[in-house]
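Enquirer: One line per chain: the protein sequences are A and B, in this order.
Our numbering puts the first residue of the first sequence at 1, with every later residue one more than the last.
Our numbering puts the first residue of the second sequence at 1001, with every later residue one more than the last.
Don't read these hints as lab results, they were simulated from the structure.
Where hints are given, some of them may not hold.
[Said to hold, decoys possible] In the DMTMM-like style, the derived pairs of lysine to aspartate or glutamate whose C-alpha atoms are separated by at most 20 Å in a straight line are:
1) B/K1009 with B/D1106
2) A/K209 with A/D21
3) A/K280 with B/D1058
4) B/K1009 with B/D1080
5) B/K1009 with B/D1259
6) A/K242 with B/D1182
This one's a predicted model, so the numbers in the text were calculated from it and none came from an experiment.
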Amino acid sequence: MTQPPFDSPFDLPPELAIDTDVARRVIAGFIRGQLEQAGFERVVLGLSGGIDSGLVAYLVAEAIGAERLLAVMLPYRSSSPASRADAEAVVTDLGCASDVVDITPMVDGYFGDPERPGAAGPDGPGRGEATALQRGNFAARMRMAVLYDRSVTWSGLVVGTGNKTESLIGYTTIFGDSACAFNPIGDLYKSQVRQLAVAVGVPSVIVNKAPSADLWPGQTDEAEGGFSYPVLDRLLFWRIDKRRSIEEMVALGFTTEMVERVDRMVAGAEFKRQVPPIAKLGPRTAGVDYLYPRRRPGSART
Amino acid sequence: MLGLVQSIKIALAQIAPRLGGLQANLASHHRLLDEARAGDVDLLVFPELGLTGYLLQDLAAEVAMRLDDPRLVSLAAATDGMSAIVSFVEESADHRLFIAAALLEDGELRHVHRKLFLPTYGLFDERRFFAAGDTLRAVPSRLGVGIGIGVCEDFWHLAVPQVLALDGAQILVNVSSSPGRDLAATNEVGLGTATSWRTLMRTYAQLTTSFVVFCNRVGVDESISFWGGSEVIAPNGAAILSAPLYDEGLYTVDIATADIRRERIALPLLRDERPELNIRELERIVAERAGLASDSTAEPDAEPGHDLTAVDPPSAAIGFRANRGHERKS
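Isolated chain B, as found in the complex (with noise of 0.2 Å):
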């Protein structure tokens, strides 16, 4: 397949999700798969719990569906002749709650991934509410292309789009319901969160040689806004794609599938890489931090996993500073 001309249009559904509202989010995926069928959309792509909204927290077991809920049937019914990823919370067989991505295509449901980092610092708290999945895989589509899909945070984390392009995806997507924060006038485009996102998906990009495709909701629950900005990154690390930042919106974009097969041969980074190094490497590294295995480039006293000796932290945050570094004598 690769070998021909072949051009795939991708649609992001930048939409504001209702909390808890999974009826009338429902009914507005159907309403955009229609929408994206009537502009021959290869494939839709909707953000991170698209269908509930995010901030759930006890409303996660309420909205819950099992795979085979007739609801998501459904939706899946609703993508005959094209493919659609979208995400909700998926309730297992033992009950529990998983932030899943689904591939749905030709009106099944394809491929479903469960979200693998759950962030529970700073103003997340996803670990509380949810289970982790333990999977990884890339899948082939009907668009004759590898997908590999990721969740928010999972991009997070460098393993997880390297993992993704050496099983053989040439799309990642990565469905966001990323909450904008920090707007010092000193950022690319006037938020963080925004220049933080726009750096990683550029490198994954370029460092796997596929096309990333990254869907970010926009609106707001609770305090805090979702910014969009969702993009279409090229192989070279060009964007193709990049919607407008909160303005909710169908945006499309055609790729050819041709760019995968030029940037691989002229920069073939998959082709060196060494998951065999990886491994074994990994391999000694979990040993050692489970104080399995000495470490023989560590300092002497290093706690297992880390190389050197610890050291005094320095002073503590407000609230804490009986424990101020100065004041320890040592």
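Just chain A, same shape as in the assembly (with noise of 0.2 Å):
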């Protein structure tokens, strides 16, 4: 057996479609869940004209109704204008509220420019040396400092965007973009989140663009990875989901050498995924061996 010709970045692989009824239920439930149990009655979201993001926020206005949803744009000087576009789109659709923070002011106030240093220092990283790497990586963790804020301005609970297929290969900023109080699409493939995408109603502009994670002009995900989504979650799918060896993966049509890079991708990610431990030194320690569910009676904010 082949790997199947997936021409498109679009293609869903079949074994990978999901029953969307249910997954809107399940979805709209557990964002319902989330908030009650915290005593939160609103969510604030970081909406950067992509799909998910885009998804959340229709998830989310289907789960509480948009009124409770505040949509933040946070871009930065490079980002592309078609994305604040898309997602300006999603707001007038949706009807949320929503706001603009431009974070370029906080991102070149570490790092500086080129005509004057930034709280790094003359010898920090900055003066426009800073890789693309490092900015992209300084501005996902500002745009998660403006989200927390507004996160108590809003009242609101920060609802997570990443997908599953990004969070296995590590294609995350540790408490940036991934940082959240809680992710209703982070058990679901990037091809699934399209096919989920399509089923609420995200403006097609948004689902039929190529992936980015827009840190530099004409970035896209595919292009910087050497992979197609649909290839990808498919590997993904099997090999970690459906726990097949190597000799079955090559089976399926993948090649070893593939399998293995991605297999490094997935173990090297491993940290990014787990709460940080904590040295064991006390006879109850927090995730260890003092094991609460995150919500119970009194733990609600009141």
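Fit the two chains together into the complex; they arrive one by one in their own frames, and the hints show the way.
Expert: Right, here's the structure in full:
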């Protein structure tokens, strides 16, 4: 058996197709449950103009009503104007509250720019010399800082928008875009995100554009990673969800080289998916042998 | 009793318990008992850990009740003239914690089933927090039928429904907190977990020629969503009540006990069961697995309890590539 030819980056591998009606029921209940147990009624979301945050905006609106959602657009000076326009289209379509926070002064304030040094100092990483990856990670953490500030002023929980594919391969910024109070789509592969986005009515211009972290002009995930999402999703699905061996993966049409490369990415990103370990010293240690649900009687905000 | 045309009204409380919220859950149980009585319900079934929520972890000890706990006594007292099955964390005299389901009837606690099989794999971690029960009994009820209770995973073990039926159960009741997973579009009703359970319930009803009552909760504990889909299956394997997935509610159905007699005469599977054969072969298997007897049908190098000689496994999962099968020379 050979790898099916996924001509389009938007093909849905058949084995990944989900029942979107059930997914919407589960996710709506999940969102309401998280809020209720935490004592919150509202949600704050970082809206980039991409499909992940776009889908989450629609799912939140479906679960609790658009009037209880604040979408914050957080552009950097190099962010694509098209992304902003797409984000605006979501806000207009849903009728949710929105806000724009230009994070350029925050990012450049640290790195500096060609004219003056930033907070990192004259010998710091700034002065225009920081790599795009460095700036991208810093920008993701500045967005996180803004969202958590808006969490207080809007009285809403920060909803996560990371998908399963990027989490597994580590295509996330730790304490940046992966930071959230809860995540309704973190167990959906990118292809499934697309399937669900179509089902909930995310504007087609967002569904049909090439996925991009928008860290620099013209960047796309698939060009940067050297893979297409349908192929990667299918690989991860069989390897991780269905526990297939390398021999079995080869029989499914993947090369040993690609499987081993993805294995390394997944193993290398394990630290991003877990709570940091605490040195075990006392009788009861959070996460080790002090194990409580995140929410229980008395833990809801009153 | 079975010769009479008798109807039993069963209600399934497909509820979303509050995690750790014993007081709130007790109040909702009392409310639903009142509602069921007003609706002439004979048997009201609540889901697994309906009084406490499921994903308790260290909270289990804090919501545990002794069987003489006044809160439980008060709940039992609310069953005057009817039957109910409720589920909670039971603390025994020696301070073991059990996932328990109790049959309450006419104001009294009549029977307690302690969950026998505690899943500790995949998303489950029950054995860390709970002790496993050791007894499995069908009991007579005021409804004129024998009732056999299992809790969730108990029904993933073939012997449980069979033993309950052989012990006199005509209604097998499973109370569950089943987390929904696998949304593959190819699944019946769009959910893999539902497909599995629906298959089990129909199979058990048919093979034991008994009614099977499945009460599963809804709502969310942490990451997991419980899918509901509670059902009542007739002794011929046909569903006579299928509650919706994920919707909270009290779902009722009338069952005719004459169906049990009719099915057991038409299809006398229980009559033909041979428990003595089970015992004989199981005793042999237990001895062989313990290495106390040799297995005459096994290959010479097979491990105790296995018939075949072990073969090399295929390559291992992520993180264990060093042990990959094709790198081994042997």
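Enquirer: Next step is simple, just say for each hint if it's right about the structure.
Expert: Tested hints:
1. B/K1009 with B/D1106: Holds, at about 16 Å.
2. A/K209 with A/D21: Given pair A/K209, A/D21 is violated - Cα atoms ~24 Å apart, limit 20 Å.
3. A/K280 with B/D1058: Roughly 18 Å separates the two Cα atoms, so the pair holds.
4. B/K1009 with B/D1080: holds, 16 Å
5. B/K1009 with B/D1259: holds, 14 Å
6. A/K242 with B/D1182: Given pair A/K242, B/D1182 holds - Cα atoms ~11 Å apart, limit 20 Å.
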